[in-house]
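Colleague: Sequence:
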Amino acid sequence: MIAVLAGRLNVKTRTFSLEEVPVPRPGPGQVRIKVKAAGVCLSDVHLIDGTLTPRLLPGDTVTLGHEVSGVVDELGPEVTGWEPGHRVLLQAGEERRGAVWTRGVDYDGGWAEYALATASTLVPIPDDLPFEQAAIIPDAVSTPWAAVTATGDVRAAQPVGVWGVGGLGAHAVQLLRLVGAAPIVAIDPLPEARERALQFGADIALDPADPSLSQRVRAETGGAGLAVAFDFAGVAAVREQAVACLGPGGRLVLVGLTDRPLEIRNGTTFSYFQQQIRGHYGSSEEHLTQLVELTRRHRLEFSRSVSEVLPLAEADRAVERLLRKEGNPIRLVLTP
Numbered sequence: 001m002i003a004v005l006a007g008r009l010n011v012k013t014r015t016f017s018l019e020e021v022p023v024p025r026p027g028p029g030q031v032r033i034k035v036k037a038a039g040v041c042l043s044d045v046h047l048i049d050g051t052l053t054p055r056l057l058p059g060d061t062v063t064l065g066h067e068v069s070g071v072v073d074e075l076g077p078e079v080t081g082w083e084p085g086h087r088v089l090l091q092a093g094e095e096r097r098g099a100v101w102t103r104g105v106d107y108d109g110g111w112a113e114y115a116l117a118t119a120s121t122l123v124p125i126p127d128d129l130p131f132e133q134a135a136i137i138p139d140a141v142s143t144p145w146a147a148v149t150a151t152g153d154v155r156a157a158q159p160v161g162v163w164g165v166g167g168l169g170a171h172a173v174q175l176l177r178l179v180g181a182a183p184i185v186a187i188d189p190l191p192e193a194r195e196r197a198l199q200f201g202a203d204i205a206l207d208p209a210d211p212s213l214s215q216r217v218r219a220e221t222g223g224a225g226l227a228v229a230f231d232f233a234g235v236a237a238v239r240e241q242a243v244a245c246l247g248p249g250g251r252l253v254l255v256g257l258t259d260r261p262l263e264i265r266n267g268t269t270f271s272y273f274q275q276q277i278r279g280h281y282g283s284s285e286e287h288l289t290q291l292v293e294l295t296r297r298h299r300l301e302f303s304r305s306v307s308e309v310l311p312l313a314e315a316d317r318a319v320e321r322l323l324r325k326e327g328n329p330i331r332l333v334l335t336p
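When you line the sequence shown up against full-length UniProt numbering, it's residues 1 to 336, in that order.
Note that these hints are calculated values from the structure, not bench results.
Honestly, I wouldn't trust all of these hints.
Per label pair, the in silico range of CB-to-CB distance [as the list claims (entries may be wrong)]: (1) E308 x E78: 33 to 41 Å; (2) W82 x R297: 18 to 26 Å; (3) Y272 x R55: 32 to 40 Å; (4) K12 x R177: 39 to 47 Å.
Here a beta-carbon is modelled for each residue, glycine too, at the ideal position from N, C-alpha and C.
Sequences are here, hints too, so could you generate the full structure?
Modeller: Laid out in structure tokens, this is it:
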């Protein structure tokens with residue numbers, strides 16, 4: 001038996017370890033991928049610390065990693081249209097039996113030398129797109145892209161706010177700039193994150209502790225308030241602050257995950273101005289193919305999004321660095 005390295009989490013004990021596992025063999029409709037790069041997401045950290053728990057995982061142990069790129073290594077029975085050597089990224093999940101299963105959460109992901117994927121979840125990538133950048137497109141880029149273009153339905157020249165300029169929020173700013181939102185107001189407690197927001201295209205970056213934040217947002221939007229506010233932090237206080245900055249018909253899009261209650265303090269005002277709250281989760285294949293095409297056409301590039309590349313053997317160190325926000329990373333990437 002040939003053994004290879006994988007980053008495994010026991011969700012019962014919340015014990016993460018690097019283990020040797022057998023090389024997986026693709027079954028019918030599956031493809032084996034030789035992993036070239038895998039992103040480290042805050043969701044991975046939350047799985048380890050117990051904040052998140054898999055809903056559909058059939059056992060107690062899973063290989064983490066839902067942001068994955070690599071090359072086709074072996075085809076399972078009944079697979080057509082792919083050949084060994086094809087460069088691909090993997091969708092972060094798939095629908096099974098009427099439910100969405102997330103890679104690296106509900107089934108084995110890409111913190112490994114090899115990963116299995118249903119053939120329909122593969123997306124081809126161009127030769128000039130580095131694997132490290134391709135790996136973060138599922139989730140780090142596609143989740144904010146879907147939130148902006150689908151759930152948020154942002155139109156050109158609409159004023160928007162982004163709360164939380166971390167791995168997803170930073171890309172949201174970049175993507176909002178691409179679709180023509182204006183002005184883009186970024187809100188984050190960290191000075192480094194606010195500076196990053198301005199570099200990524202925000203028109204103004206504010207500290208959520210500023211007691212005049214709502215007034216400053218109104219002034220920046222000519223008194224109109226925000227058409228769309230995005231919560232990428234998953235913090236109850238953020239959501240309350242964001243609602244206070246909405247204009248008539250404005251919508252709050254919840255992207256950051258939390259189990260805390262959602263509270264609207266002034267329900268009469270909220271209803272009078274016909275405001276909305278919309279939940280958002282993940283993305284679909286069309287969002288990935290759109291983003292790959294945009295990178296192919298050089299409308300987007302993500303070199304500054306990859307804060308550092310570390311070997312898979314240092315996955316535990318990458319988790320610790322992300323947890324502590326050491327170096328204020330956008331995305332850390334693992335390579336086998």
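Colleague: Evaluate each hint against the coordinates.
Modeller: Against the structure, the hints:
In this structure the hint that E308 and E78 lie 33 to 41 Å apart at CB holds, the actual value being about 40 Å. At about 24 Å, the CB distance of W82 to R297 agrees with the hint of 18 to 26 Å. A beta carbon spacing of about 37 Å between Y272 and R55 agrees with the range 32 to 40 Å that was offered as a hint. Distance hint for K12 and R177: a CB-CB separation of about 43 Å, consistent with the stated range 39 to 47 Å.
Checked against the numbered hints listed earlier, the structure breaks none of them; every hint is satisfied.
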